[in-house]
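Fit chain B to the known structure of chain A by using the hints.
Protein sequences, first through last, are from chains A and B.
Going by our numbering, the first sequence opens with residue 657, and the numbers climb by one from there.
Going by our numbering, the second sequence opens with residue 20, and the numbers climb by one from there.
You may find that some hints are simply not true.
Beta-carbon label-pair distances, calculated as ranges [stated by the list, open to error]:
1. Thr113(B) to Asp799(A): 51 to 59 Å
2. Trp823(A) to Trp125(B): 54 to 62 Å
3. Val43(B) to Leu809(A): 56 to 64 Å
4. Asn115(B) to Gly821(A): 54 to 62 Å
5. Tyr677(A) to Asn115(B): 31 to 39 Å
6. Ile762(A) to Met28(B): 27 to 35 Å
7. Val32(B) to Lys658(A): 45 to 53 Å
8. Ser683(A) to Met28(B): 48 to 56 Å
9. Lys658(A) to Ala88(B): 29 to 37 Å
It should be emphasised that the hints constitute simulated quantities derived from the structure, not laboratory data.
Predicted model, so just to flag it, every value in this text is computed and none were measured.
Built from N, CA and C at the ideal position, the CB exists for glycine as well.
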Amino acid sequence: MKLNNENAGKILAMYQKRVAYIIKPLSEKDRRDIEMELDSHIYESMARYPKQDEVSTLLYALEKLGEPEQFLPAVVAERKLAQAGKSFNPAHIASALALNIGRGFIKTVLFIISSLLYLFSAALIILSVLKLFSPRHTGVFIDESSHISIAWLQTVRPGTRELLGLWFTPAAIITAALIYVINTILLKYIPRKRKTTK
Amino acid sequence: MYIVLLCIMDAVVDKWKSQVKKGVLEFIILLLLSRNELYGYELLDNIKSTTGYEVAEGTIYPLLNRLKADNLIDSYWVEMESGVPRKYYKMTKTGNTVLGEMKKYWFELNANINKLSK
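Just chain A, same shape as in the assembly (with noise of 0.2 Å):
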């Protein structure tokens, strides 16, 4: 969008400056998608409300469109939610968990949640190449008084034993895996917190 005042111009600069400060995280597609139909919003509201120079008419344009940095926060952590759904890069998962935490208690909760499964399979992973290593210190453990853990143990006491044996590399590999994808798939389906009246 051009303007014909200088200064209207650099005020403009400055909201999209803000703005793709915002949406950084974001695809690029995501990222243009956002700045035009920002740019479309401002430029509407600036045809309808003509005021009496340019600068005063941006100006009135943008305080009706409001803070980007109160109103754009929701739609990013939406996008990078759909991103991270659809390419399950861990690098977006990552950044969606991040962006999504923190909106609202039971959304956080259950971002958490999903970190912590996150976090667990990466776990069984690490332990599934540990295991080649070092066979006997890792896998499922069941001690004397039936506890059952899943590690990697400095000491293996007496009385307690590994439980699946060369198979645990393959089991924890297609169980990280699964827990991987399906909370993957499951992050789209945590409700989101909706503010939009004045």
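Only chain B this time, still in chain A's reference frame:
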């Protein structure tokens, strides 16, 4: 004392109105989009002209984004002569089905509240 009481009553009613608006805004957006395909700014104009609700402009976008993520609405860009394109929103098949359910519930609720209010 009487003025304080009036202020408290106003605050309670305002809070209630705000909650009602929040609850029905999604329904209003779907109703408007079921009539016409609209772009964001036009949608805000329509909300104001049909219901009198003043929606904080920027906050319409998280809502539209979520309705789209839920596959209730879809969007497409239209090039304009001005050079600034518009992003239009339209209902999806799922959106129309969900809106049908919402309408049914709304009429039931309305009838029940009317009975209670008599």
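We went through each hint and held it up to the structure:
1. Range check, threonine 113(B) to aspartate 799(A): Cβ separation about 52 Å, and the 51 to 59 Å hint holds.
2. A hinted range of 54 to 62 Å holds for the C-beta pair tryptophan 823(A) and tryptophan 125(B), which are about 57 Å apart.
3. The hinted range of 56 to 64 Å is satisfied by valine 43(B) and leucine 809(A), whose Cβ atoms lie roughly 58 Å apart.
4. Distance hint for asparagine 115(B) and glycine 821(A): a CB-CB separation of about 56 Å, consistent with the stated range 54 to 62 Å.
5. The beta-carbon spacing between tyrosine 677(A) and asparagine 115(B), approximately 38 Å, falls within the hinted interval of 31 to 39 Å.
6. For the hinted restraint 27 to 35 Å between isoleucine 762(A) and methionine 28(B), the CB-CB distance of approximately 32 Å keeps it satisfied.
7. A beta carbon spacing of about 46 Å between valine 32(B) and lysine 658(A) agrees with the range 45 to 53 Å that was offered as a hint.
8. One distance hint, 48 to 56 Å for the beta-carbon pair serine 683(A) and methionine 28(B), holds here, with the actual separation near 49 Å.
9. For the pair lysine 658(A) and alanine 88(B), the beta carbons lie near 32 Å from each other, so the given range of 29 to 37 Å is met.
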